[in-house]
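Novice: Make the full structure from the sequences, and use the hints.
Just so you know, the sequences run in chain order A and B.
Take the first sequence: its letters are residues 1 to 286, numbered as in the numbering used here.
Take the second sequence: its letters are residues 1 to 249, numbered as in the numbering used here.
Read the hints as simulated data drawn from the structure, not as lab findings.
Check before you lean on any hint, since a few could be wrong.
Only pairs whose alpha carbons sit at most 27 Å apart, straight line, appear in this in silico DSS-like list of lysine-lysine [stated by the list, open to error]:
#1 B/Lys162 with A/Lys110
#2 B/Lys158 with B/Lys133
#3 B/Lys162 with A/Lys77
#4 A/Lys256 with A/Lys283
#5 A/Lys162 with A/Lys256
#6 A/Lys162 with A/Lys195
#7 B/Lys133 with B/Lys162
#8 B/Lys44 with B/Lys73
#9 A/Lys77 with A/Lys106
#10 A/Lys102 with A/Lys128
#11 B/Lys73 with A/Lys162
#12 A/Lys102 with A/Lys77
#13 B/Lys133 with A/Lys128
#14 B/Lys69 with A/Lys102
#15 B/Lys69 with A/Lys162
#16 A/Lys128 with B/Lys44
Stretch by stretch, here's where chain A covers chain B in the computed footprint (C-beta under 8 Å, at least three residues) [to be verified]:
#17 112 to 123
#18 142 to 153
Virtual Cβ for every residue (Gly too), placed ideally from N, Cα, C.
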Amino acid sequence: MGLLRRLFGKDAEGLRFPEPPVPRSRGFAEAPAGLTPPSDGSASPAPAAEAAWPRAPAEVQFPSTGPHGHRARLRDKLLTRGPDALADYELLEMLLFFAMPKGDTKPLAKALINRFGSFAEVLAAPTKVLLETRGLGPHSVAALKLVQAAALRLARAQAAEKPLLSNWAQLIDYLTAACAREPVEQFRILFLDPKNRLIADEVQGRGTVNHTPVYPREVVRRALELHATALILVHNHPSGDTTPSRADIEMTQEIKEAAGLLGIVVHDHVIIGRAGWTSLRQKGLL
Amino acid sequence: MTKRRDLAEAQGLFAEAGATVAADGEAAAGHLGHRARLRARFLKGGAEAVADYELLELLLFAIPRLDTKPLAKALIARFGSFAGVLAAPPEALRSVPGVGDAVVVTLKVAHAAALKLAAAEVREAPVLNAWDKLVAYLHAALAREPVEHVRVLYLDAKNRLKADEAHGRGTVNHTPLYPREIVRRALELQATALILVHNHPSGDPTPSRADIDLTREVREAAALLGIALHDHVIVGNGRVASFRQLGLL
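Specialist: Given below as structure tokens:
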């Protein structure tokens, strides 16, 4: 258990972190718009003089009307509109790009779907049969088989190795292990998910903590990025005592307010030093 | 509908394709021997014969002049597994050094194709007879999402899947649900039954009070118009909760 646990004291051992608030709203609602009559006396402005026709081709929409840029267009469609925007044969075309750095894979994609019956049947066809299919070699067959492997893996659970920090004991265990490796002064933030599992543990600045600016806005931005619903602030004073300073308390309040606006809870701010631990929550300072 | 077209026609197309595309398969000599050997090991033994980072390497081989092994290992370290890398959003992928557009597109193509494959397995038979396949598809599609998504499966009179639509997305622990819109869409599609689906990013699929109450609302609204709500499935990490199996519907 170690020095830190013994120094800490028993008072807050039973302290549990509350669940983060779940938003109560059902979603945004728009107020129904009324009909506004046109204001008096305002005639619609006269239309601008028509530009001369035909327009000079200052910039055309399609730099090329041929097949050039087809691959780029498919890629853009995938990245901006998502996979549902692509037809089965288009996805198959893109899978075939893996093996064919140049060339039009559309005829092959369509022919494969014709031959095997459907997108799924192409991917599920036996490796031997695919390797014997004209137009397909080991690289493209491997790409097709990788998709099957991917589908199976996606259907499986993901290992959740992240530590659970829903009470003091777990937090102390985690920080003991983590801080033992970091003897220098630092400020770190633990980002937690709705089940108080640790998403990320990020050091904000090393060296002189008092001079490391911590911007509430940046902390909240990072929490949103990580989809965190709770935070624990930790700072480490290996040489000093652990009494929270005025600045520590104010900074914590600022972060708590900014985070609270977005449904993010600050569970605690823990100061660790040679003399032991101080928990701002336990001291009623949060 | 005939599923098999005239083979001669198909082969004619293959011959055409074979002529226009660059030779498939690289020279087995030199540094490319590693790639050929990994590919051969995979084609022979399947996914079980290679490590997660090697599966990723196989995908990344698509990108020329890329040192795939360190990048594959870095991606796995960051996202946990092959599946985790595929499901990661583009912005998160780009924050890994060495990941540019080419890598993002390659991964997203593989992810999209995998989801399409999983979905296709559900479409053939009546959905309720292929429960395992349905769960596999829903898990593949929703389990790793960082925010809540709602999907609605619209079924026909034979309980075959007519449509599978995203209804909305929310935040990490909440998403809005509009019974009115679900029923309107069911009428539009002439669906006679529905299955609601949403995910719990925390990984625990236990239905909340709000989940149960809203489900009842949807069931009642749909019943008014003769549409049955067969189930509400909540997707968690490696498991799902079925309202029907839990006796909540």
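Novice: Tell me if the straight-line CA distance from A/Lys102 to A/Lys77 falls inside 27 Å.
Specialist: The hint holds at about 19 Å.
Novice: Holds or violated: the segment 112 to 123 of chain B covered by chain A, criterion of 3 or more residues with Cβ-Cβ distance under 8 Å?
Specialist: holds (count 9)
Novice: Has the given pair, A/Lys102 with A/Lys128, been kept, meaning a C-alpha gap of at most 27 Å?
Specialist: Measuring from Cα to Cα gives roughly 25 Å; hence the hint holds.
Novice: Are at least 3 residues of the segment 142 to 153 of chain B within less than 8 Å of chain A when you compare beta carbons?
Specialist: Holds: 4 residues of the segment 142 to 153 of chain B have a Cβ under 8 Å from chain A.
Novice: Can you confirm whether the C-alpha distance between A/Lys77 and A/Lys106 stays at or below 27 Å?
Specialist: OK: A/Lys77 and A/Lys106 at ~16 Å, within 27 Å.
Novice: Given the hint that B/Lys162 pairs with A/Lys110, does the C-alpha gap stay at or below 27 Å?
Specialist: Holds, at roughly 24 Å.
Novice: Given the hint that A/Lys256 pairs with A/Lys283, test it: the Cα-Cα distance must not exceed 27 Å.
Specialist: Answer holds: A/Lys256 to A/Lys283 is near 16 Å, not above 27 Å.
Novice: B/Lys69 and A/Lys102: Cα distance at most 27 Å?
Specialist: 24 Å, holds
Novice: Would you check the hint for B/Lys162 and A/Lys77, treating anything up to 27 Å between C-alpha atoms as holding?
Specialist: 25 Å, holds
Novice: For the pair supplied as a hint, B/Lys73 and A/Lys162, is the alpha-carbon distance within the 27 Å limit?
Specialist: 19 Å, holds
Novice: Given the hinted pair A/Lys162 and A/Lys195, is their alpha-carbon gap at most 27 Å?
Specialist: Within the cut-off at roughly 11 Å; holds.
Novice: When you check the alpha-carbon spacing of B/Lys158 and B/Lys133, does it fall within 27 Å?
Specialist: 17 Å, holds
In summary, this structure violates none of the numbered hints.
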